[in-house]
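Enquirer: In case you want the letters, here they are:
Number of protein chains: 2
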Amino acid sequence: MYYIGIDIGGMTIKGGLIDENGKIYAKKAVATLPERHYSEIIKDIASLTEDLVKEVGITVDDIVAVGMGIPGTINSKTGVITYANNINFEKVPIVKEYNKYIKKPTYIGNDANIAALGEARFGSGKGSKDVCFVTLGTGIGTGIIVDGVLLEGKLGAGAEGGHMTIKINGEPCSCGKRGCWEAYASATALIRQTKQAIDKNPDSLMVKFAQKEGKVSGKTAFQAAKMGDKAGKIVVDRYIKYVAEGVINLVNLFRPDYVLIGGGISNEGDYLMERIQRRVNRMSYGGHRNPRVQVKKAELLNDAGILGAVALCLK
Amino acid sequence: MYYIGIDIGGMTIKGGLIDENGKIYAKKAVATLPERHYSEIIKDIASLTEDLVKEVGITVDDIVAVGMGIPGTINSKTGVITYANNINFEKVPIVKEYNKYIKKPTYIGNDANIAALGEARFGSGKGSKDVCFVTLGTGIGTGIIVDGVLLEGKLGAGAEGGHMTIKINGEPCSCGKRGCWEAYASATALIRQTKQAIDKNPDSLMVKFAQKEGKVSGKTAFQAAKMGDKAGKIVVDRYIKYVAEGVINLVNLFRPDYVLIGGGISNEGDYLMERIQRRVNRMSYGGHRNPRVQVKKAELLNDAGILGAVALCLK
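Taken in sequence, the protein lines are chains A and B.
Numbering follows the working numbering, with no gaps: position 145 of the first sequence is 145.
Numbering follows the working numbering, with no gaps: position 257 of the second sequence is 257.
Please note that the accuracy of each hint is not assured.
Intra- or inter-copy, both count: the list cannot distinguish identical chains.
[As the list claims (entries may be wrong)] Straight-line Cα separation of at most 27 angstroms, DSS-like style, residue types lysine-lysine; simulated pairs:
#, residue 1, residue 2
1, LYS315, LYS129
2, LYS154, LYS315
3, LYS315, LYS14
4, LYS154, LYS129
5, LYS233, LYS103
6, LYS154, LYS241
By construction, these hints were calculated from the structure, which means they are not laboratory data.
None of the values given here were measured: they were computed from a predicted structure.
Work out the full structure: start from the sequences and follow the hints.
Expert: Laid out in structure tokens, this is it:
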């Protein structure tokens, strides 16, 4: 059975023709060009759908359903995007508009939530019904699955775990609050922490790695730390502590089978996962008496969005 | 239809004979005496059940089911108490043992979770399927209901919201971590904060209220603040901020209809609720774009446990 998964981003819209086992038959991407009216963008998504179908040599009739991941707040029941600032959508009836061209059951979900669904169905969380998914990127996105069901909150406005306070009166966050997890443990925060450490430690290996890459990135401090650089190690240890604090909050609330870590920073792999795991084992509530929670790297990477959109159709 | 609700505490065990609308026909309590072997304590619970039934003039056969709230970690599927330190229970098959005497379907749940169920079914959250319940007592208990279902985590070990970090590297908590919400916003924490403020402000009205009550309590700072005492007001404002930070974390994750506040501190009523509400409105993620979450006082008070235990049977 064939499904279409659509992953709408600020820069590009990705589409995939995928079966119920997560096998991808065709992939395609188009530029979003978000300055246009929504009707034009949605028309492009319909064309993308037709292109995918043609590429595999089937027709739209062979498609069971379509799933879409949206970077913002959506109402999954009405099929309306409440607000998505990256693509300038506000109160956009995307399902209704898309169904003008493609008359198939169409489901929408928040992109971080959908990535969680994809990982739980096809990726690192395969086989589990209780998964917390954390994206360490520009911000921190969380997608939480409890007993197989995505936690969406009223009108899809929930599961904003990146905006848990982990340090009261702490760093200001773009959400207007202070001390959010995102303000300490996102890639953006790590870059800020690395820059501050470089200013204070001009002899650190971090300077060399940053020069080599042409900028300070989320990798800089990790590269230096792995080479034994003292200042780099301090940055990384503190950053991992920040990540772990939020992970432990999720563990204490949800006690899932897996916490899956995605986003750019997750490329640090075992080095990062093992250190978070150790803190979770030691600091989560109830310690050894409670079931073990495993911290793993998310594995779907760039296909997480389209696969998650299909997982949304299968639920 | 008649149900039995049992609320097991470290000091007393309360029981109620209750119908599906939450009407209480009989109530009774016995001392827990937790130093005894569990078989004796459970035998007492069975006798309590029989006494309740006799009091109303019915028989055990007229009872549909029995619900029990336990102060600890339980496995609702196997009917076993994993661990409950207040009553010295570890791996106690309470349902099997109780059914030796009372042969009726018997359900067990964590006490904070059950209080949440009771409030959602019969109390301040009546009519809603999305409720976060917070008890501000010796510690902080949380019970979370998502789409009508209690969030329990794997093997009943979840929803420990009191152990979310709200201040990294902050006050030590009994759980072994630092900076837990409970370490800042429980009644115990408020008493500690009040004592510190009294030491620094010997002329504060707090001293007078503490002398009158014979001790510093969770009420001391509130009483002084309401009389315009400056030092008392500082304690209360800061304490409310601590409470609100954790409430906002829950709102950002769950976006419920209601956050219900129970426990001793909730007796401060509107004075407390309105101030938490204002912070939630201002600081929760997405602000005005997201559905409003209402902060309310829990209303079942001392009957929350027995009513919640019955709500557990009705789910």
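Enquirer: So, for every hint listed, does it hold in this structure?
Expert: Results of checking the hints against the structure:
| no. | hint | in the structure |
| --- | --- | --- |
| 1 | LYS315 - LYS129 | both (12 angstroms within a copy, 21 angstroms between copies) |
| 2 | LYS154 - LYS315 | both (19 angstroms within a copy, 21 angstroms between copies) |
| 3 | LYS315 - LYS14 | within (21 angstroms within a copy, 42 angstroms between copies) |
| 4 | LYS154 - LYS129 | both (21 angstroms within a copy, 10 angstroms between copies) |
| 5 | LYS233 - LYS103 | neither (55 angstroms within a copy, 61 angstroms between copies) |
| 6 | LYS154 - LYS241 | between (31 angstroms within a copy, 24 angstroms between copies) |
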